[in-house]
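Engineer: Let's have the full structure, built from the sequences with the hints guiding it.
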Amino acid sequence: SIDDMGVRKLAYEIDKHERGHYYVVYYKADPAVIDEILRNLRFTEEVIRFLNVKYTNKKEIENWEKLVKGTFNKKEEKPAAPAPKEETPAAEAKSEAPAEKAE
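Under this note's numbering, the letters of the sequence shown match residues 1 to 103, in that order.
No lab work stands behind these hints, which were simulated from the structure alone.
Small disclaimer: the values here were computed from a predicted structure and weren't measured.
Computed Cβ-Cβ distance ranges for the label pairs, DEER-style:
#1 5 x 66: 17 to 25 angstroms
#2 37 x 67: 12 to 20 angstroms
#3 36 x 64: 15 to 23 angstroms
#4 69 x 19: 32 to 40 angstroms
#5 59 x 27: 15 to 23 angstroms
#6 66 x 16: 37 to 45 angstroms
Quick reminder that beta carbons are idealized off the backbone N, C-alpha and C, glycines included.
Structural biologist: Now the structure itself:
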């Protein structure tokens with residue numbers, strides 16, 4: 001999944017750039033594929049910095065799996081109670097007269 005974090009101020013100036021567009025990309029791939037991705041990022045002129053992080057502990061891996069399933073940072077929702085129905089007596093509903101036209 002890709003999270004577009006938008007344009008932000010860099011912590012420090014890099015190659016005369018003060019702002020940059022941030023993306024967070026979560027992926028799972030074989031080591032050979034990861035090496036190829038990193039190699040491509042190094043040669044892409046539009047990318048001025050990148051960071052590749054490998055999840056190693058159980059907590060990080062569980063959070064990643066939740067993210068893939070779409071359940072990360074979502075609270076368990078309880079089913080909402082049905083809204084009470086408003087009933088208007090038939091006499092009241094029919095008693096409304098049409099508005100008079102002013103000429």
